[in-house]
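Given the coordinates of chain V, assemble chains Z, L and U onto it according to the supplied hints.
Read off the chains here:
Number of protein chains: 4
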Amino acid sequence: MAAATDAESETTAETLSASVVGASGFTGGELLRLLVAHPNFEVAQATSREYENKTVGSVHPNLRGADLRFSDPGDLESVDALFAATPHGVSMQHIESFREAADTVVDLSADFRLDSEAEYDEWYDGHVCPEYLDEAVYALPELFREELAGADLVAAGGCNATATLLGLYPLFDAGVLDGDERIVVDVKVGSSEGGAGASKAGSHAERSGVVRPYAPTGHRHEAEIEAILGTGVSFTAHAVDMVRGASATSHVFPDSPVSKGDLWRAYRGAYEDEPFVRLVAGGGGVYRYPEPKAVAGTNNAEVGFELDPGNERVVVFSAIDNLMKGSAGQAVHAANVALGFEETAGLEFQGLHPVGAP
Amino acid sequence: MAAATDAESETTAETLSASVVGASGFTGGELLRLLVAHPNFEVAQATSREYENKTVGSVHPNLRGADLRFSDPGDLESVDALFAATPHGVSMQHIESFREAADTVVDLSADFRLDSEAEYDEWYDGHVCPEYLDEAVYALPELFREELAGADLVAAGGCNATATLLGLYPLFDAGVLDGDERIVVDVKVGSSEGGAGASKAGSHAERSGVVRPYAPTGHRHEAEIEAILGTGVSFTAHAVDMVRGASATSHVFPDSPVSKGDLWRAYRGAYEDEPFVRLVAGGGGVYRYPEPKAVAGTNNAEVGFELDPGNERVVVFSAIDNLMKGSAGQAVHAANVALGFEETAGLEFQGLHPVGAP
Amino acid sequence: MAAATDAESETTAETLSASVVGASGFTGGELLRLLVAHPNFEVAQATSREYENKTVGSVHPNLRGADLRFSDPGDLESVDALFAATPHGVSMQHIESFREAADTVVDLSADFRLDSEAEYDEWYDGHVCPEYLDEAVYALPELFREELAGADLVAAGGCNATATLLGLYPLFDAGVLDGDERIVVDVKVGSSEGGAGASKAGSHAERSGVVRPYAPTGHRHEAEIEAILGTGVSFTAHAVDMVRGASATSHVFPDSPVSKGDLWRAYRGAYEDEPFVRLVAGGGGVYRYPEPKAVAGTNNAEVGFELDPGNERVVVFSAIDNLMKGSAGQAVHAANVALGFEETAGLEFQGLHPVGAP
Amino acid sequence: MAAATDAESETTAETLSASVVGASGFTGGELLRLLVAHPNFEVAQATSREYENKTVGSVHPNLRGADLRFSDPGDLESVDALFAATPHGVSMQHIESFREAADTVVDLSADFRLDSEAEYDEWYDGHVCPEYLDEAVYALPELFREELAGADLVAAGGCNATATLLGLYPLFDAGVLDGDERIVVDVKVGSSEGGAGASKAGSHAERSGVVRPYAPTGHRHEAEIEAILGTGVSFTAHAVDMVRGASATSHVFPDSPVSKGDLWRAYRGAYEDEPFVRLVAGGGGVYRYPEPKAVAGTNNAEVGFELDPGNERVVVFSAIDNLMKGSAGQAVHAANVALGFEETAGLEFQGLHPVGAP
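Protein chains in written order, with my numbering: chain V, 1 to 358; chain Z, 1 to 358; chain L, 1 to 358; chain U, 1 to 358.
One or more of the hints may lead you astray.
[To be verified] Keeping only pairs whose Cα atoms sit at most 20 Å apart, straight-line, the calculated EDC-like set for lysine to aspartate or glutamate is:
| id | chain 1 | residue 1 | chain 2 | residue 2 |
| --- | --- | --- | --- | --- |
| 1 | V | K200 | L | E146 |
| 2 | Z | K200 | U | E52 |
| 3 | U | K260 | U | E312 |
| 4 | V | K54 | V | D67 |
| 5 | Z | K200 | U | E50 |
| 6 | L | K200 | V | D67 |
| 7 | U | K200 | Z | D75 |
| 8 | U | K200 | Z | E52 |
[Unchecked claim] Derived coverage of chain V by chain Z (criterion: at least 3 residues anywhere in the stretch with Cβ under 8 Å from a Cβ of chain Z; other residues may be distant):
| id | stretch |
| --- | --- |
| 9 | 43-56 |
| 10 | 89-102 |
In case anyone wonders, no lab produced these hints; they're calculated from the structure.
The beta carbon of each residue, even a glycine, is placed where N, CA and C say it ideally should be.
If we strip away everything but chain V, and leave its shape as in the complex, we get (with noise of 0.2 Å):
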């Protein structure tokens, strides 16, 4: 993984038109918040069939001082970034038409995440632009950085599939696990997590204060997960009672024994020159392991472990915003790679303290 500092060296400066494609659903409207405040973009076109015309603000009631409003996605306008906030299945089907408005795409949903059309139908209903698989590059910087640089297709990750990409990566990377062993990933994820709609299930009345097994089994972050990693994992995802946030707990358990130090080496080495990636293990206080709160807002992840000498088990612990990290932070700094800018421009918020079930 290229420093972060390497490319800060060669960022630029200028201002670059972007739009937001499905700007009213929550991943949209966050989308819209980043570029707003962004100092090398200026928003477009915020699309929504459902509020055209009506102001961003009247859906997103932080965006009130904005000056904009929904535009009919049918009247895409030439700009030189397209971030696309569409549902699965969806923003394949309009891949040529955003590729013909912009340069360079950053599509927020599932459609051009993994590499091969075999994959995508393993854990997906059938791809209508294979093509541009392979192309689309996955956004997680950490990961990928160097292949962003330039990208004209960009595919941000899954919330859930970033939170636990970013914890077991390194452990991958430095060779303390080599794909053979069981790995264990039990997520607990937010209400956004759930997008926009009305839903039964979503309600407060019956989403408040659970703990509630959403995907036992088979869920399709899986499928990011084992494309990057290279090896399957046991992934359960339970609703827990925030709104923001994805948490992932990854039980793994090497073939050979494990320091505290190897660990310690292996997520310096991924981590130290990252600019969101906090590491979070142990320490005194009321914050000693990665939490979701202590992320809310922010495009950071934090990312922590501890060794369990009688199991032979390393917990590994990664919390983000699952909003930002988990997708429309994760697809800015993407951009911000591809484009050339400061990495962190547009991301500087740090968050609050105390902050309750943001």
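Below, chains Z, L and U alone, put in the same frame as chain V:
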């Protein structure tokens, strides 16, 4: 396991006197709530050094209607049954006086859950009356109904251990697991598990909305689980945003392939006659798997599972109210068995829907 | 107001059949919960068009143990008592068939709460059977115990109206207020008040953590309050982050100075014999004034007050569970009175401590 | 009120040194968060007796990236501006040393909010340096912009007072109210208002899900409100389930009839040039009135109203983040004005959507 219905045929209907020692804490208050409404118990004393002479309703607002004041724990009256909700390490110091005061003692601390001094010393610090360890019966009737009948000293299990044991025991009992397999147990618990005291980490501002790893490794409830299952588990506990509830997700990897039918047979065999265990696995609607909020306030446990063929994994979910099935409710259930009462006496409340974050 | 103890002396102990129409909603489910455990009722039917033939436990997880399936609301059996939990405007369309099916009908909608067509038309749209308005008795036994005895048609009050009335009625009854004073009622309610449906505003992500003015002025419950108190109130309702609960803070300015003693006399005079009203005003500890979570799941109401000499103001606090004392519990209480049962039958649950955001 | 834009024309762009005294508490941490990212400030010291030499990130996890350690409050360096986040009654004891250390002192306690010793003694206990009371300027630029320019001693307002004043001031300024009317202010606040300490009442288990009257009458913030508006208000505060946020609902009864147009004129006149006040009154969508969660983490205030013709009442809603506009953000805003910086410097964050219970 003897069926509940057998036990019921011999129930008695007398009224016995009962005291609660340590009645101002959360489990003490829960015991009071259950005993005050119990058809076979009359509450003689509720002790609290801190709140002596105050009404129990001044601490537990749900008991405002009860005509009962806290008394000095140093002045124990003779009663038929004594429930001790004293902290870990304190119960053992007073066990002689408890037994002098009552023929039947049910202790809710960790002091008498293990069978031998050696086991105790491995997980805790020096026991002052190890001679009682062997005599004490673990309070889960689903596992120890026969031993509980007529028992003089009963030790209510730990809440996380209870949730885990109820999920895993049937797989051992049915031979799906034999103890050589890796078992990962990932637990999520509410804030009442921390007790009624004040702490910075437990303040509303810091504790709200968390997914906080509070026992990454080495949780003491592992001791009970290992003692009863005969094998170690890889256990990690997280604090999440609810007050009541413990949810255990156990990831197990049987050596031989199992079918859904095998799993149903194992769980039905274990629990079909149990009055307090519900099997919840799949189906439609909002509540498809065990959830703590579906059992909040009740002595019910929900147990369910899913099969992950791709990873040769069984995921077991179990959910309880940590103060009820995980402590005070389990204690009263065990006392009902020990004293020959109807098993469900005083434990009939079936919970609420909808309910937020109880 | 006749004392509860008088009424109790004439209670009967027979078992009657009862049906719940509209049983899949939140108040319908709450009625089922109460009736299934009620010593004098046997549930004959629970109707739901949407969930016909499904178990009631598939919608209400706390009723998983009940052997009962939803039936077609078009096929009503003859029963002794029928509880209608149908939406506003729907009950009135079926009132004839309800009364044909049962001698005693308790309606939980707003359709029969007001006394005349004129009043109804002022706050709602066109009544289809105004001839029943005068006959129907408002379901609060604290105010209408004598009228409820033997009543054939009972109208359970609105939850916000109930909380307000229980707080203010004693001041009118004792002559502290005479109806010429300004009365400001500021209400805070939980999300279950919105019912079991799905909506964007009611999704967990949008509804969590709110203090949302949802009825700044013109709330229809004002109609009931004015009709019963004989004077208008300035009413505003806010949605806050709980599922169950309604809390009314009434700010009143008596024309003549009042003392704390006057207030205690007024409230004790009204409620000292009431089985479901607790006076909570000051004292020590955490719970010094009425709080919805102290009564969650119960039919209890807490009422309290504080005197503000500097502003010649009395602040009255009242707290209920909106689904219980504010709807289904009130309905069952009224049915107990109407049918001559023990007033507290089926309503003995005293709530939980601690409890989160029920 | 001078328009913000006027003030902006004279802004300077230098960098000044600043210290935070009492930096381990919630408002102290919020000040640090703002100052660390402020373009015109460089943080010299963050004091804390309890955490001396520890990193600020060990207490405030959002500041883990800051290279800053707590220092001894007894060793104050000379700086340009000192922000005191010390408790009420403590600031006054150290005011001499604060002023010795810095030319500009901004105090966040209640010690310097009132204008005279007589006022102070009416609501608090004995002031030790009353000579500064008259000099100190109340920190709300919307009301005191001219007085703040060049001020040496600034007193940040109380959060509840701030919310109330922002809602009511325009009605006095425009002559809709003249001070003889009854004004009821019903406030709902989050748990961060209680500060960073530990208490039983503030524990997660007891504090979750509450609607708890915590200051039924006699709240000390009334003093500020009365001093500034020139008239008393009937004030009651409730704790509700959020961490950040204060929402004031003011019920007022103008002597003469007012129209919606009158109200819009009053509020637009007061706030149309204000950078941190948004008028939100009606309209469509989910967020139709001011809500604390729509401004969480920001220095924005939302103000709105509704007219209740039937009761001749105006209901005014105002919502802020108590730690921001209600404390630290207000302090930085005032410092920006006092020191001639851009008013919005360091306060640009616009908040999140969706967001749970921040």
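Hint numbers the structure violates, sorted upward? 1, 6, 7, 9, 10
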